Amino acid sequence: MKSHDLVGGLVWIGLGIYLCIGSIKLGLGELHNPGPGFVPFLSAAILGLWGAILMTFAILKKLDGGEKSNDKRTWVKENWKGFVSTLAALFGYGILLDRLGFLITTFGFLFFLFKITDPKGWKIPLMVSGLTTILSYLLFSVWLQGAFPKGIFRF
Amino acid sequence: MTGFLENLSLGVHVALTASNLLYCFVGVFLGTLIGVLPGIGPTGTIAILLPVTYGISPVSAIIMLAGIYYGSQYGGSTTSILVNIPGEAASVVTCLDGYQMARQGRAGPALGIAAYSSFIAGTIGVFILMFLAKPLAEVAIKFGPAEYFSLMILGLAVLTYLSHGSMIKAVIMATLGVSLSQIGMDIVSGQLRFTFGMANLEDGIGLIPLVMGIFGVGEVLANLEESNDFEILKAKIKGVFPNLKDLMDSVGAIIRGTFLGFFLGILPGGGVVISSFVSYAVEKKVSKHPERFGMGAIEGVAGPESANNAATAGAFIPLFTLGIPSNAVMALLLGALMIHGLGPGPFLISEHPEIFWGTIMSMYIGNIFLLVLNLPLIGLWVKLLKTPYRFLFPLILFFCIIGSYSVNNNIFDVFVMFIFGIVGYLFKKFRYEPAPLIMAFILGPMLETALRQSLRISMGSFEIFFSGPISVSCLIIALFLLLSPIFFKKRRQMVRKMS
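Which chain is which? The protein sequence lines are Y and V, in order.
Every letter in the first sequence is one number past the one before it in my numbering, and letter 126, counting from 1, is 126.
Every letter in the second sequence is one number past the one before it in my numbering, and letter 412, counting from 1, is 412.
Worth flagging that the hints you see were computed from the coordinates, not collected in a lab.
The structure presented is a predicted model; accordingly, all values stated were derived computationally and were not measured.
Hints may contain errors.
[As the list claims (entries may be wrong)] Cut-off 30 angstroms, straight-line C-alpha distance, at most; resulting in silico cross-link-like pairs (DSS-like, lysine-lysine):
| hint | chain 1 | residue 1 | chain 2 | residue 2 |
| --- | --- | --- | --- | --- |
| 1 | V | 428 | Y | 61 |
| 2 | Y | 81 | V | 383 |
| 3 | Y | 81 | Y | 115 |
| 4 | Y | 62 | V | 429 |
| 5 | Y | 115 | Y | 150 |
| 6 | Y | 123 | Y | 150 |
| 7 | Y | 115 | V | 383 |
| 8 | Y | 120 | V | 383 |
| 9 | Y | 115 | V | 428 |
| 10 | V | 429 | Y | 61 |
| 11 | V | 245 | V | 284 |
| 12 | V | 245 | Y | 62 |
| 13 | Y | 81 | Y | 123 |
| 14 | V | 245 | Y | 115 |
| 15 | Y | 81 | V | 428 |
| 16 | V | 429 | Y | 81 |
| 17 | Y | 123 | V | 284 |
Make the full structure from the sequences, and use the hints.
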């Protein structure tokens, strides 16, 4: 158990309490006729309870002197640009798909991601993104009849 | 017997249609591919391809998705042997002796025995599945809601027990999964639950955006931080046919691995992974030369590879007979059946024999495809292993987007996937195992229905769960599994103090 389990435990307790209150508002019903909030209440209570157990173990470990952390996790140190760009690209795809349509958004999304990981070259990112866009359009839109937005340019 | 032969012939007929042969091939090919490629597993791939199956028949869909599952077990061993990186969790143990064999210039026999043992075990596993599933389904018909509820609780308890890392976190994941499954309209009262006034949440959170987010996007975000460059053995691979001594050394391991794997595969929760580890331990135990294990013993490859492939067949038993998935992949297959309007459970085999027998027969054929794909085409898979991750991850993300979007043609699902991608990344960082969450998310509505029905039947008495032998046994085992780490920890601490 690491110190972040303390925070984790608190999050689960908080979420458990919030869901318990929400479930009570929904109506727990009677035992012979459980209401819509009955099962959500039970699961939320168990969630909060196990969150408390997680937190207790983390506190006990701390009081005990704690184990030397051999946690080698990297927190987006080396490739933080790639990480942030990937999140931005995903979010951007969601925002732009309806406006720009499948073809332009997909090409832009793939090109952006290929380019940030290979900043020197242009040819390969252009070719791979172009080819993937066309093939995926043929596969998902033409063959599988998926209804993808055409966007303001109508293609 | 006549009925059995009739069903068998129906299965052969279904599996041998041109389209089903094609879907079977596509499934095992994709399975091998994702087994070889690091960064995407069968759960993510099946989730991505679920929407693709909307337009095809349910039996074709299950044939293809099942092919991905057992195909990935074959592919996973290739990376274990050649790169010392398991393509799948079930191939971790193959690294121990497989990679050592490759370093000693015996990559060919290692790959060969992995493929042959997988083939033999996969085929025998399917054979046992064929005989066991129907009688079990007949027993399952007698189950009431209380038995179903207790069985599902047992399934979740086993999955959390077998999860990697902290069991407390695994239980938290399972309860969070149940809580997430409650979002949307209550099926009994029609009341909206935790929708925050959003119309898009009235049908609940979609399974596919959730799985894609956690297993696809979350995995990619975590992998972006790590170096994915690894050294591939440069030596030429030759002689994929093991010699007579190799075969004699392996035959016992294959037989033991097959039966062990199949029956451990039936257990809910990660039977495939656990079976490969147990098989390795058994082989080491029965070997006259246990010191060779870890130094390139061929039994150390043959046993676990047989076990993990037989376990994939065993994992179908609870799905086909009870409608209860034994792991996250089976949970997605359950989702696929439900998407196609089929009610998985004990009646599936009798009401839709073409699905069960067609899938079984396709698994025989798939195993033959896999043998052909994995031995002569080994060079192709090695080349694919060299694909840099920077070329793979944009494509994985793109398929995740397409998969999420095409479920309802709704951009809201893409944002749901995005959010669960970040959540999945955090889970990975804080070492929360997502598999119990997915399984609980799928079982959640069934669990709720079974609990509410049981309480109604018993007029609000919890005794109903303790009155039948099946229900009470399941609950006792589940309780034991959930509490056992506390006792074992105490025992460990006691031993430490004593020493």
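Each hint, compared with the structure:
1. V:428 with Y:61: 22 angstroms, holds
2. Y:81 with V:383: At roughly 29 angstroms apart (the allowed maximum being 30 angstroms), residue 383 of chain V and residue 81 of chain Y satisfy the hint.
3. Y:81 with Y:115: 12 angstroms, holds
4. Y:62 with V:429: Measuring from Cα to Cα gives roughly 20 angstroms; hence the hint holds.
5. Y:115 with Y:150: The hint holds at about 25 angstroms.
6. Y:123 with Y:150: With Cα atoms ~27 angstroms apart, residue 123 of chain Y and residue 150 of chain Y stay inside 30 angstroms; holds.
7. Y:115 with V:383: 23 angstroms, holds
8. Y:120 with V:383: 24 angstroms, holds
9. Y:115 with V:428: Roughly 27 angstroms separates the two Cα atoms, so the pair holds.
10. V:429 with Y:61: With Cα atoms ~20 angstroms apart, residue 429 of chain V and residue 61 of chain Y stay inside 30 angstroms; holds.
11. V:245 with V:284: 18 angstroms, holds
12. V:245 with Y:62: 55 angstroms, violated
13. Y:81 with Y:123: Answer holds: residue 81 of chain Y to residue 123 of chain Y is near 22 angstroms, not above 30 angstroms.
14. V:245 with Y:115: 52 angstroms, violated
15. Y:81 with V:428: 20 angstroms, holds
16. V:429 with Y:81: 18 angstroms, holds
17. Y:123 with V:284: 53 angstroms, violated
Taken one by one, the earlier hints fail for this structure at numbers 12, 14, 17, listed in ascending order.
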